[in-house]
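Asks: Just need the whole structure built from these sequences, with the hints factored in.
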Amino acid sequence: MSTVGKVAAAMIESVGKTKAELMLAMAEAAYSVEHSEFLFAEWMVLNSGRIREACIELGVEPPPEGPNLFRRLKEAVTPELRPE
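Per full-length UniProt numbering, the very first residue in the sequence shown carries number 1; after that it's consecutive.
Just so you know, the hints here were simulated from the structure itself, not pulled from any lab data. Keep in mind that the hints are not guaranteed to be accurate.
[Claimed, not checked] Between beta-carbon pairs, the in silico distance windows are:
no., residue 1, residue 2, range
1, E34, P67, 24 to 32 Å
2, R82, R50, 18 to 26 Å
3, S32, E65, 26 to 34 Å
4, E53, K19, 14 to 22 Å
5, V33, L58, 24 to 32 Å
Keep in mind the model is a prediction, meaning the values are calculated, not measured. Think of the CB as a built atom: it goes at the ideal place given N, C-alpha and C, for glycine as much as any other residue.
Replies: Shown next as structure tokens:
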């Protein structure tokens, strides 16, 4: 199955899940587990509801609320994530 097909299947199977869970399902379908997109999606799911604390645990200053928060969070956190 093509990557697009895998992502579409992941989206269909994720109906009723949180946005973070959907993002992880799509990343799992499209990327290897060592890819930064997958690592960030997994981090978001694992730390749902405690993003500020999770940033601090990584040694990252949580970005302030405002425009493009998701992009700024991703840019701050992704360099600190490593595959286990």
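Asks: Confirm or reject each hint.
Replies: Checked hints:
no., hint, result
1, E34 with P67: 24 to 32 Å, "holds, 31 Å"
2, R82 with R50: 18 to 26 Å, "holds, 20 Å"
3, S32 with E65: 26 to 34 Å, "holds, 32 Å"
4, E53 with K19: 14 to 22 Å, "holds, 19 Å"
5, V33 with L58: 24 to 32 Å, "violated, 18 Å"
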